[in-house]
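Engineer: Hints are included, so try docking the two chains, each in its own frame, into the full complex.
Those sequence lines, one after another, are chains A and B. The letter at position 119 of the first sequence is residue 119 when you use the working numbering, and the numbering goes up by one with no holes. In the working numbering, each number is its position in the second sequence, counted from 1, plus 247.
Calculated directly from the structure, the hints in this document are not laboratory data. Predicted, not measured: the structure shown is a model, and the values here were computed from it. From the three backbone atoms N, C-alpha and C, an ideal C-beta is built for every residue, glycine too. Possibly wrong hints are sitting among the right ones.
Label pairs and their in silico Cβ distance ranges [what the hints assert, rightly or not]:
1. B:274 x A:108: 25 to 31 Å
2. A:235 x B:274: 33 to 39 Å
3. B:276 x A:17: 24 to 30 Å
4. B:368 x A:78: 56 to 62 Å
5. B:271 x A:242: 36 to 42 Å
6. A:108 x B:451: 39 to 45 Å
7. A:68 x B:519: 41 to 47 Å
8. B:365 x A:108: 44 to 50 Å
9. B:300 x A:82: 48 to 54 Å
10. B:276 x A:78: 17 to 23 Å
Which residues of chain B face chain A? A partial, calculated answer using Cβ under 10 Å [claimed, not checked]:
11. 273
12. 274
13. 277
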Amino acid sequence: MSEPLLRIRGVRKQYGSRLVLRSIDLDVAEHQVVCLIGGSGSGKSTLLRCVDLLEVVDDGTVHLGESELTDPRLDANLARRRIGIVFQAYNLFPHLSVLDNITLAPRRVHGVPRRQAEASALELLDRLGLADKAQDHPDRLSGGQQQRAAIARALATEPDLLLFDEITSALDPELVGEVLDVVADLKQRGLTILMATHEMGFARQVADQVCFLEDGVILEQGTAEQVLTAPRQQATQRFLSRVLDHS
Amino acid sequence: MDFTTQAAPPDEDYRPSARERERERFRRSRRRRNTWIAALCTLFCLLALGAAAVASPGWERVHSLFLNGAEFRSTLPEILRGFWLNVQMFLIAEVLILGLGLLIALVRVTRAPGLQPLRLAATVYVDVFRGVPTLLLVFLIGFGLPALRLQGTPTQPWVLGVIALVLSYAAYVGEVLRAGLNSVHPAQRNAARALGLNERQTLRHVVLPQAVRNVLPPLLNDFIALQKDTALVAVLGPLEALRAAQIKADYDFNYTPYLGAALLFIAVTIPLTRFADRLQRRAAQRTWAEAGR
Ligand SMILES: Nc1ncnc2c1ncn2[C@@H]1O[C@H](COP(=O)(O)OP(=O)(O)OP(=O)(O)O)[C@@H](O)[C@H]1O
Ligand SMILES: [Mg+2]
Numbered sequence: 001m002s003e004p005l006l007r008i009r010g011v012r013k014q015y016g017s018r019l020v021l022r023s024i025d026l027d028v029a030e031h032q033v034v035c036l037i038g039g040s041g042s043g044k045s046t047l048l049r050c051v052d053l054l055e056v057v058d059d060g061t062v063h064l065g066e067s068e069l070t071d072p073r074l075d076a077n078l079a080r081r082r083i084g085i086v087f088q089a090y091n092l093f094p095h096l097s098v099l100d101n102i103t104l105a106p107r108r109v110h111g112v113p114r115r116q117a118e119a120s121a122l123e124l125l126d127r128l129g130l131a132d133k134a135q136d137h138p139d140r141l142s143g144g145q146q147q148r149a150a151i152a153r154a155l156a157t158e159p160d161l162l163l164f165d166e167i168t169s170a171l172d173p174e175l176v177g178e179v180l181d182v183v184a185d186l187k188q189r190g191l192t193i194l195m196a197t198h199e200m201g202f203a204r205q206v207a208d209q210v211c212f213l214e215d216g217v218i219l220e221q222g223t224a225e226q227v228l229t230a231p232r233q234q235a236t237q238r239f240l241s242r243v244l245d246h247s
Numbered sequence: 248m249d250f251t252t253q254a255a256p257p258d259e260d261y262r263p264s265a266r267e268r269e270r271e272r273f274r275r276s277r278r279r280r281n282t283w284i285a286a287l288c289t290l291f292c293l294l295a296l297g298a299a300a301v302a303s304p305g306w307e308r309v310h311s312l313f314l315n316g317a318e319f320r321s322t323l324p325e326i327l328r329g330f331w332l333n334v335q336m337f338l339i340a341e342v343l344i345l346g347l348g349l350l351i352a353l354v355r356v357t358r359a360p361g362l363q364p365l366r367l368a369a370t371v372y373v374d375v376f377r378g379v380p381t382l383l384l385v386f387l388i389g390f391g392l393p394a395l396r397l398q399g400t401p402t403q404p405w406v407l408g409v410i411a412l413v414l415s416y417a418a419y420v421g422e423v424l425r426a427g428l429n430s431v432h433p434a435q436r437n438a439a440r441a442l443g444l445n446e447r448q449t450l451r452h453v454v455l456p457q458a459v460r461n462v463l464p465p466l467l468n469d470f471i472a473l474q475k476d477t478a479l480v481a482v483l484g485p486l487e488a489l490r491a492a493q494i495k496a497d498y499d500f501n502y503t504p505y506l507g508a509a510l511l512f513i514a515v516t517i518p519l520t521r522f523a524d525r526l527q528r529r530a531a532q533r534t535w536a537e538a539g540r
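So that you can see chain B by itself, here it is in the shape it has in the complex (with noise of 0.2 Å):
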């Protein structure tokens, strides 16, 4: 059935109808006071926090131990360095948490008797690395992995670093992409059946696709998050960012390089955030679009 119409085409001598440019000159004016608004409403709150922050009695204090300018610009370059390396490993840490994530997503939701022993192992995986404190996680392994003389295993801390924090996410992203593929609609698994795609070709082809896109907000939530907890290495020691602060912080008696570290940490996440953003409202629109018609 052919029952299309073509649009009709562009008509180049409209003109806007005066009731059409009032309604616009009225909508813009109303943006523009909707902008002034909460640019005054922004600037108050700055001002106010601006304010009572130096007026307190600590400020001076404050002051010349947090916001060192010199002790800033002297400091930042050894950070940004270090910083590279928290770049790195959360690189590397996305890309085997996502992997190990699926799979133990896939294992979940699978029904197939035979797999029972993995599912069992893929449910205490979860229950175990999820209850466990990331910073600890950390801990067990950068020192207890390389306790047991195993050979073969990794000594170098940043890897150790890289190992704890994938165990840990990969607990969390592998539920929330289970989540995910259960909320992909029965009906869409029994359409592609009947298209007589087989089982692995369904879940590649219709079911993963919509249940990455049903999950991705949480999902970068959680890399947002894992980006932030690359500092969590520190701890083993190696040279990134927040180790690079602390010993020049120790060295200088002033806390300026974590404040130069912390901005580091915020210029990342920042358009990750907006990144994030973007995605959930294109999401928000298609679902928008499917329920308007």
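So that you can see chain A by itself, here it is in the shape it has in the complex (with noise of 0.2 Å):
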């Protein structure tokens, strides 16, 4: 097997005195999909940031394919090119229609002509059923209609790795399956993908590895089966115990 798309050894990160990521170490192969879980505030959020460079991490590297993304000397925005990620809300330019938030990055940064962006756009809205709405500006649109429009606008630029951070963590319940669905197709197509999420079930389904993080640590990582169903670590039952209580 060759080198894995995503590689992160050691990953630390602090902020002021509080620690964060202790060390992280966390393979993402080509065409996987890889699901964080973890406690509130266990540091999900953070080590995504770190890996699209919004963070500088205080010691330990991330590579992505050849490229060392922690090194100082590179260009982080040319690396995050290479990069998609959706956050949890607030994706969308609100002053610009679902078109121009898809064809920004693609036109301003990769140079593409208007009309071959627009078009490749309006296929990638038919695909994640939003072709209606390129027009509409994203306060016309629902909840997991705007993230699948944020998700359309991350994979415009056709990033080797899309990091997605609780995209349906906002949603009401019935408008969790529409995003999740998209995140099952983009797998079908052999997308990488990295994600944090609270969706238990939808882990199970779609991810090729589950990681638990806590303490600053992936305490455990398997596949779904296994961290899911059958947790060998007390801390993980422990938190599996919590959440699916709770759902």
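Structural biologist: As structure tokens, this is what we get:
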């Protein structure tokens, strides 16, 4: 097997005196979906933000393919073009139509001509069931539609790696499904995804690997079956029983 | 639901890896390089400007008329005494402006039909006083108000000057605050009302703090402008910094006192500006933190 696409080694992140990530080791192979689970405040978002270079790591390395993202000599903007990220909420630019949201980066950053960018954006929107919303502004969309549009925007630059940070947790339960269907579809198409999620059922369905984050380290890692059904660590068991009780 | 995980305790035995130390060295050397570049560019610009000034044909005259060291030292204490009056006028005016400005802003954003006449008055007030040049207003109030010979109107020039400044600036500050009030998301008001807070409590504890936070930079900008504009009161004659400098300059046929007055104003506005920058950065960081997760 070849090198994993994303390789995280010994990543450490501290906010002031608060140590959030102690030492994270994590691999994401190409065409895999890896789910991060863990309690609120365990550092899932922080880890994703470190990978997308929105935060500077305090130690350790992150490699994407050949290049080391944590190299300070690296141009962060160039590296970020290979990564798409979708947050929990507030993703879309409210002053632009859905179509313009999606074509902004292809046109301005990648220099794709307008026609071509719009054609592929419409194709994307069609695939995500949003074809009729292209000209609408984000405030006219439901939460689920907004998140799907945000995913379309992240896909528009054809990134090597997608980062999703609890993209369904701001949604009504009935809207969660439509967004998760999109993610499952992306997995079918062979995209590489690292996502933080609270949706254990979904993780079980689509994740190739599940990682449980606690105390600033990945406490347990394995297939969804292993981690979610037969966790070895007590902390994982405690976490799962708490989460499953509530859902 | 309690999904909260305690943060891991800071670990004492952590040692940065070789890679991290190397990165830190690189960052430090780049910071050093950037500092050098910044310093050299600044120095070069200053030298070029200085050389251009000194080489100009009128430099000798300017030097003796504007940059006279002895004159500077002998007149500064007097100007400084005058400047104290500027500071006092600034402080008093500021408090009154905030009060009046807030009142205007609140009147303009309410929708109660009974307040229509007040709303109209506030609108007219803002239109008029924002439209009249501040200096003109100082003249009008300074000479016009005493001329009315009304019972109880103040006659000290500096008080009249402060009244003029308050009337002019309250119109600006009122508009800034109104923009701030409108910038608070309606959901915030609903959230507060849903908690059972009444209209006044909602305004006082939820809407106003956010409104002020949103418009703090433009608000401070107006304060800084006001601090300078206290010098306009000089036309009415009170012995503030500009007037004191003017008297000295006329007496000695030398303009250096003006430079002294200018330096005093700068000495106050620069810290104010830095303070405004800092507040702005803090507000930006907070917005970032909210957007990041
Ligand atoms: N910019 C910041 N400054 C200081 N502390 C921060 C900052 N961002 C995050 N933290 C802290 O880091 C910890 C991890 O936060 P993070 O957002 O990564 O958690 P999370 O696992 O994503 O939680 P959730 O499931 O609630 O989204 C939290 O304790 C948080 O308070
Ligand atoms: Mg998070």
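Engineer: Next, verify each hint and record whether it holds.
Structural biologist: Now for the hints, and whether the structure bears them out:
1. Hint check: residue 274 of chain B to residue 108 of chain A, Cβ distance near 29 Å, so the stated range 25 to 31 Å holds.
2. Hint check: residue 235 of chain A to residue 274 of chain B, Cβ distance near 35 Å, so the stated range 33 to 39 Å holds.
3. As the Cβ distance of residue 276 of chain B to residue 17 of chain A is approximately 27 Å, the hint placing it in 24 to 30 Å holds.
4. Roughly 58 Å separates the CB atoms of residue 368 of chain B and residue 78 of chain A, a value that falls within the hinted 56 to 62 Å.
5. The given range of 36 to 42 Å is respected by residue 271 of chain B and residue 242 of chain A, whose C-beta atoms sit roughly 39 Å from each other.
6. The beta-carbon spacing between residue 108 of chain A and residue 451 of chain B, approximately 44 Å, falls within the hinted interval of 39 to 45 Å.
7. Against the hinted window of 41 to 47 Å, the Cβ-Cβ separation of residue 68 of chain A and residue 519 of chain B comes to about 45 Å, which satisfies the hint.
8. Separated by about 48 Å at the C-beta atoms, residue 365 of chain B and residue 108 of chain A satisfy the suggested range of 44 to 50 Å.
9. Range check, residue 300 of chain B to residue 82 of chain A: Cβ separation about 52 Å, and the 48 to 54 Å hint holds.
10. A hinted range of 17 to 23 Å holds for the C-beta pair residue 276 of chain B and residue 78 of chain A, which are about 22 Å apart.
11. Annotation: interface hint on residue 273 of chain B holds; nearest CB of chain A at approximately 5 Å, less than 10 Å.
12. With 10 Å as the threshold, the beta carbon of residue 274 of chain B comes within range of chain A, its nearest partner Cβ sitting at about 5 Å, so the hint holds.
13. Taking 10 Å as the C-beta cut-off, the interface hint given for residue 277 of chain B holds, the closest approach to chain A being about 7 Å.
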